[in-house]
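Undergrad: Listed here are the chains, written in short residue letters.
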Amino acid sequence: MARLRAKISLTLAVTLVTLLVPLAAQAHKVGIYAYLEDGQVRGEAYFAGGGKAINSPVEVNDASGQSLGTFTTDSEGKFSFPLPAGVTAPLKLVLKASQGHQTSYEMSAEELGVGSAGGGQQSSDANANATPANSAPQPTGGANLSPAELRQVVDQALKAQLAPLTAQVAKLAGEREVSVHDIAAGIGYIIGLMGLAAWFMSRRKRD
Amino acid sequence: MHISEGVLPAATLIAGAALAVGGISLGLRKMEQERLPQVALLAAAFFVASLVNLPAGPARVHLVLNGLLGLLLGWSAFPAIFVALALQALLFSFGGLTTLGISTFNMAFPALLAHWICGPWARGANNHLALAAGFAAGFLGVALSAILVALSLLTAGEDLLGAAQLILAAHLPVMLVEGLVTAAAVVFLRRVRPAMLAWDR
Chain A
3 MARLRAKISL TLAVTLVTLL VPLAAQAHKV GIYAYLEDGQ VRGEAYFAGG GKAINSPVEV
63 NDASGQSLGT FTTDSEGKFS FPLPAGVTAP LKLVLKASQG HQTSYEMSAE ELGVGSAGGG
123 QQSSDANANA TPANSAPQPT GGANLSPAEL RQVVDQALKA QLAPLTAQVA KLAGEREVSV
183 HDIAAGIGYI IGLMGLAAWF MSRRKRD
Chain B
48 MHISEGVLPA ATLIAGAALA VGGISLGLRK MEQERLPQVA LLAAAFFVAS LVNLPAGPAR
108 VHLVLNGLLG LLLGWSAFPA IFVALALQAL LFSFGGLTTL GISTFNMAFP ALLAHWICGP
168 WARGANNHLA LAAGFAAGFL GVALSAILVA LSLLTAGEDL LGAAQLILAA HLPVMLVEGL
228 VTAAAVVFLR RVRPAMLAWD R
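Line by line, the protein sequences are chains A and B.
All you need for the working numbering is the position in the first sequence, starting with 1, plus 2.
All you need for the working numbering is the position in the second sequence, starting with 1, plus 47.
Quick caveat, the hints were computed from the structure, so don't treat them as lab data.
Mixed in with the good hints, there may be bad ones.
As the list claims (entries may be wrong) - Here are some of the chain A residues that sit facing chain B, going by a computed Cβ distance under 7 Å:
1) HIS103
2) GLN104
3) ASP184
4) GLY188
5) ILE189
6) ILE192
Please read all numbers here as calculations on a predicted model, not as lab measurements.
For glycine and all other residues, C-beta sits at the position ideal for the given N, C-alpha and C.
Please build the complete structure, drawing on both the sequences and the hints.
TA: What follows is the structure in structure tokens.
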């Protein structure tokens, strides 16, 4: 009994040490994210912890299962392709890094701007009453902008401002770092399972 | 080493799961109550070892420790590695839940081989041979796992030689580090707690 107790306390001590050692270590996982910029889908493939997934194929399919082709990441893990007209959202990007690593990223209708394009059409319909027959966009002369033109200018400016932010949010959505909580939870589970097994074994012995 | 969800065909996953279930049940049957803390401790070590990263070319590789587990646990390496892999999949998103069976086999079978091949020398009277056996166990564990992973990927249509070369080359630093870690563990245990090594099953 004393020997068993010594073994268990040794186990707990070493467990605590192993718990503290890897705090600075990084995860081992591939990730991918993408965002829309000027009609181009741009993205990046990476290994969690900093490395880039270079020369890796990215397969792109739209919601109807139609392939948009396979694109390869460059030496910085980046890829881009023009967004063809008439795709059905969501777009699915599957990264096939080497050695059995695979992950995917979905671009929703909002991210692809399909939704906002529809919204833009709606608003121009609504403005059709106010400014009829305003088909050709006139050269903007000072403050003399129609509401539709103003909306367009603001829209473009906003998109340019938000592009880096969009990229960051997309990256965050695809990434999840290992936290100390995860490590502690895992070791807690192992100790719990050990207790469970010990309980079953002691019952078996007594019976 | 972790194979992601959706890479392997169903037949490979089912075969892997069947082999893993066999190994786990045998490992549980051969596990003695006195050894329970040791099995749990090594499962915890395997669980956190995957967080120790080394850069290797375009990818990153991590410690595996399956040679050490095999040497010290024998058949019980199967349940220990299964639990650790399941927790890695759930908490770290390493690998996937459907690939749990094939991954358990890929890691635990080389562990068992390391136990059978290197175990007698690691327990033997000769200190130098024991050191060499420890190094060989750590080195072989990773190398054989890399080959098994390459074989698994072969069933997914990746060309074997290319995948095997890539995985073996990427894991060469891990093999060396694991060899040293396992050799150090063997030398340490022979001095401090030889009972932990005297485990022939």
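Undergrad: Now, for every hint given, state plainly whether the structure supports it.
TA: Each hint tested on the structure:
Because the smallest distance between the Cβ of HIS103(A) and any Cβ of chain B comes to about 6 Å, under 7 Å, the interface hint for this residue holds. Against a cut-off of 7 Å between C-beta atoms, the interface hint on GLN104(A) holds, since the closest Cβ of chain B lies about 4 Å away. Against a cut-off of 7 Å between C-beta atoms, the interface hint on ASP184(A) holds, since the closest Cβ of chain B lies about 4 Å away. Contact between GLY188(A) and chain B, as hinted, is supported at the beta carbon level, the nearest pair being about 4 Å apart and thus within 7 Å.
For ILE189(A), the interface hint holds, the least distance from its beta-carbon to any beta-carbon of chain B being 5 Å, beneath 7 Å. Contact between ILE192(A) and chain B, as hinted, is supported at the beta carbon level, the nearest pair being about 5 Å apart and thus within 7 Å.
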